[in-house]
Amino acid sequence: NEFNNQILDIISDIDINIKAQEKITQLQEQELKLIRKQNELANQIQQQQILAQRLNANNQFKPSQGSQSANFDSQSQQQNKRDVLVSVTPQNTAGNETTNTSKTVDLRKIFTPATDSSEILPKNRKLYASSAFYSPTLHPTVEDQVELARRISHSLSDISNQTSKGQSMYVNRKKRSDKWVHEGRSQGNNCLNHVSRYS
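With the sequence shown counted from 1, adding 26 to any position gets you this note's numbering.
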């Protein structure tokens, strides 16, 4: 019986090791897939930037012919853009990536939605004003502070909010603010005139 138990323990350990090895290989395969996807995205972004530079350079070299030929210019500009887009083929992308020479882009890759778009979710990062001082348990995030400021501003300027003493004080000061500004300017000018007389 003890021998059988030892054999069963050895077999179970072997099974556990096999399953762990399978999980490790699965994780490695997933990591390789993610790296490939990141490389593809980086290549697509670089190709889009090259296409934008090419279109920009094409637009800058066009001579301006005055207001009477504005329609002709816009039509020729659209035609040139179409020509640039039509001439885009994936064969020219195999050139040297370090140089800034004109490269072409496969537009089907750009305008085709990604198959894994449902898997990629935006990261909801909570930002604090200073990570050295602010702690997540005690202080609100920057997003919370912006929302709080928006709610306070909305409640202060809301006319239907008659119960708040702060709201009524804010409205009264807002009504008198123009008068204060104009009086302050005139007093400031008087002070300047008074000082200039004695200087």
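There could be a bad hint or two in this list.
[Claimed, not checked] Cross-link-like lysine-lysine pairs, in silico, BS3-like; alpha carbons within 27 angstroms at most: (1) Lys49 with Lys59; (2) Lys135 with Lys59; (3) Lys191 with Lys201; (4) Lys59 with Lys45; (5) Lys135 with Lys63; (6) Lys63 with Lys129.
[Unchecked claim] What follows is a list of derived Cβ distance ranges for each label pair: (7) Ile50 with Asp132: 32 to 38 angstroms; (8) Ile33 with Leu60: 37 to 43 angstroms; (9) His180 with Lys205: 23 to 29 angstroms; (10) Asp170 with Asn84: 45 to 51 angstroms; (11) Leu164 with Asn82: 46 to 52 angstroms; (12) Phe137 with Pro166: 39 to 45 angstroms; (13) Leu133 with Asn85: 15 to 21 angstroms; (14) Ser181 with Asn84: 50 to 56 angstroms; (15) Asp170 with Gln54: 38 to 44 angstroms; (16) Gln47 with Phe137: 39 to 45 angstroms; (17) Gln54 with Ala83: 40 to 46 angstroms.
For the record, the hints were derived by calculation from the structure and aren't laboratory data. In this text, a Cβ means the ideal position worked out from N, Cα and C, and glycines have one as well.
Status of the hints after comparison with the structure:
1. Simply put, Lys49 and Lys59 have alpha-carbon atoms about 15 angstroms apart, close enough for the 27 angstroms limit, and the pair holds.
2. Taking the CA atoms of Lys135 and Lys59, the gap is about 18 angstroms. The hint holds against a cut of 27 angstroms.
3. Between Lys191 and Lys201 the alpha-carbon distance is near 16 angstroms, which keeps this suggested pair within the 27 angstroms criterion.
4. In summary, the hint linking Lys59 to Lys45 is supported, as the alpha carbons are separated by about 21 angstroms, within the 27 angstroms threshold.
5. As the CA atoms of Lys135 and Lys63 are separated by approximately 13 angstroms, the hinted pair is consistent with the 27 angstroms bound.
6. Distance hint between Lys63 and Lys129 is fulfilled; the C-alpha atoms sit about 21 angstroms from each other, no more than 27 angstroms.
7. Between Ile50 and Asp132 the C-beta distance comes to about 35 angstroms, which sits within the given range of 32 to 38 angstroms.
8. Ile33 and Leu60 have their C-beta atoms about 41 angstroms apart, which keeps the hinted 37 to 43 angstroms range intact.
9. Hint check: His180 to Lys205, Cβ distance near 26 angstroms, so the stated range 23 to 29 angstroms holds.
10. Distance hint check: the CB atoms of Asp170 and Asn84 are about 47 angstroms apart, consistent with the given range 45 to 51 angstroms.
11. For Leu164 and Asn82, the Cβ-Cβ distance of about 49 angstroms falls inside the hinted range of 46 to 52 angstroms, so the restraint holds.
12. The beta-carbon spacing between Phe137 and Pro166, approximately 41 angstroms, falls within the hinted interval of 39 to 45 angstroms.
13. Here the CB-CB span from Leu133 to Asn85 is close to 19 angstroms, well matched to the stated 15 to 21 angstroms.
14. Checking the proposed 50 to 56 angstroms range against Ser181 and Asn84 shows it holds: the Cβ atoms sit about 53 angstroms from each other.
15. Checked against the hint of 38 to 44 angstroms, the pair Asp170 and Gln54 passes, with Cβ atoms roughly 40 angstroms apart.
16. Gln47 and Phe137 have their C-beta atoms about 42 angstroms apart, which keeps the hinted 39 to 45 angstroms range intact.
17. In this structure the supplied range 40 to 46 angstroms holds for Gln54 paired with Ala83, their Cβ-Cβ distance being about 43 angstroms.
Checked against the numbered hints above, the structure violates none of them.
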